[in-house]
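Number of protein chains: 2
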Amino acid sequence: MSIASTPQPPYVAVIFTSLRTTVDEGYALTSAEMVSMAGGQPGFLGIESARGADGLGITVSYWKDMDSVRAWKSVSEHRMAQKLGRERWYRAYRTRVCVVEREYGFSL
Amino acid sequence: MSIASTPQPPYVAVIFTSLRTTVDEGYALTSAEMVSMAGGQPGFLGIESARGADGLGITVSYWKDMDSVRAWKSVSEHRMAQKLGRERWYRAYRTRVCVVEREYGFSL
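Residue numbers (the numbering used here), protein chains in the order written: chain A, 1 to 108; chain B, 1 to 108.
Hints listed in this document are in silico derivations from the structure and should not be mistaken for laboratory results.
Predicted model, so just to flag it, every value in this text is computed and none were measured.
Ideal Cβ positions, reconstructed from N, Cα and C, are used throughout, including at glycine.
Hints are not guaranteed to be accurate.
A partial selection of chain A residues facing chain B, derived with a Cβ cut-off under 8 angstroms [to be verified]:
(1) Val-14
(2) Tyr-27
(3) Thr-30
The list that follows gives simulated cross-link-like pairs (lysine to aspartate or glutamate, DMTMM-like), each with its CA atoms no further than 20 angstroms apart [what the hints assert, rightly or not]:
(4) A:Lys-83 / B:Glu-33
(5) B:Lys-73 / A:Glu-101
(6) A:Lys-73 / B:Glu-33
(7) A:Lys-64 / A:Glu-87
(8) A:Lys-64 / B:Glu-101
(9) B:Lys-73 / A:Glu-103
(10) B:Lys-64 / B:Glu-87
(11) A:Lys-83 / B:Glu-103
(12) B:Lys-64 / A:Glu-25
(13) A:Lys-64 / A:Glu-25
(14) B:Lys-64 / B:Asp-24
(15) A:Lys-64 / B:Glu-77
Listed next, the stretches of chain A that the computed footprint assigns to chain B, with coverage defined by at least 3 CB atoms under 8 angstroms from CB atoms of chain B [claimed, not checked]:
(16) 42-51
(17) 72-81
(18) 86-98
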């Protein structure tokens, strides 16, 4: 995974921070499917994801606007994954929906 | 590290996504110092950080307002760390400054 190439702000970032349970059943497959499906949604701009050795995971997805975020949240396969997430895979999570106001960076 | 306990939105999130070089010199110490210093800054609300096995790292720090973010960005030790980051530790990074508009979560 690499750093997402996003357009000039403003656009929307959804920060999903999670702590996993020890249950793996279906997790890797569903997780990969959700990344793939998100990438095909209208308004999708990019995604970045990392899970550290201590179990904390952060996934940030970037979207054109709030309508795109709402539409993706309500896609039926995604709703099913959210349900399974609460039932099986996550001890806790937090989702924060944000407007990106400025960005800057550096690359060798 | 755990999921940050943040107040009712709005507040500010700074998403720092990075790819490391293979240079470790001073990295772990400076990184820990910056997390510790940020925690003592006015307006600091919390921090979450993860680096995956593929080398992509995401650190999100949360702040009361934009003034707190600007003040932390200009702290001299932090400016020195940013400079060393560009010179030594990072192949690329991207910083996105965002206003969190809503959040929701789940916990067992």
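Handout entry: Hint validity - A:Tyr-27 Cβ closer than 8 angstroms to any chain B Cβ
Key = Status violated, d = 15 angstroms.
Exercise for the section: Would you mind confirming whether the straight-line C-alpha gap from B:Lys-64 to B:Glu-87 stays at or under 20 angstroms? Expected result: violated, 30 angstroms
Problem - 20 angstroms Cα cutoff - pair B:Lys-64, A:Glu-25 - result: violated, 39 angstroms
Handout entry: Pair hint outcome, B:Lys-64 versus B:Asp-24 [Cα-Cα no greater than 20 angstroms]
Key = violated, 32 angstroms
Handout entry: Annotated coverage of the stretch 86-98 of chain A by chain B, confirmed only when three residues or more have a Cβ within 8 angstroms
Key = holds (count 10)
Handout entry: Straight-line alpha-carbon gap A:Lys-64 to B:Glu-77, limit 20 angstroms
Key = This hinted pair is violated, its Cα atoms lying about 35 angstroms apart.
Practice task
Mind checking the alpha carbons of A:Lys-64 and A:Glu-25 for me, to see if they're no more than 20 angstroms apart?
Solution key: violated, 33 angstroms
Practice task
Decide if the proposed pair is consistent with the structure: A:Lys-73 and B:Glu-33, CA atoms, cutoff 20 angstroms inclusive.
Solution key: violated, 38 angstroms
Practice task
Under 8 angstroms, Cβ to Cβ, is where A:Val-14 needs to be relative to chain B, so tell me if that hint holds or is violated.
Solution key: violated, 10 angstroms
Handout entry: 20 angstroms limit on alpha-carbon distance, applied to hinted pair A:Lys-64 and A:Glu-87
Key = violated, 30 angstroms
Practice task
Classify the hint on A:Thr-30 as holds or violated, based on whether any CB of chain B lies nearer than 8 angstroms to its CB.
Solution key: violated, 16 angstroms
Exercise for the section: Given that the stretch 42-51 of chain A was listed as covered by chain B, double-check it with a C-beta distance under 8 angstroms for 3 or more residues. Expected result: holds (count 4)
Consistency with the previously given hints fails for numbers 1, 2, 3, 4, 6, 7, 10, 12, 13, 14, 15, 17, ordered from lowest to highest.
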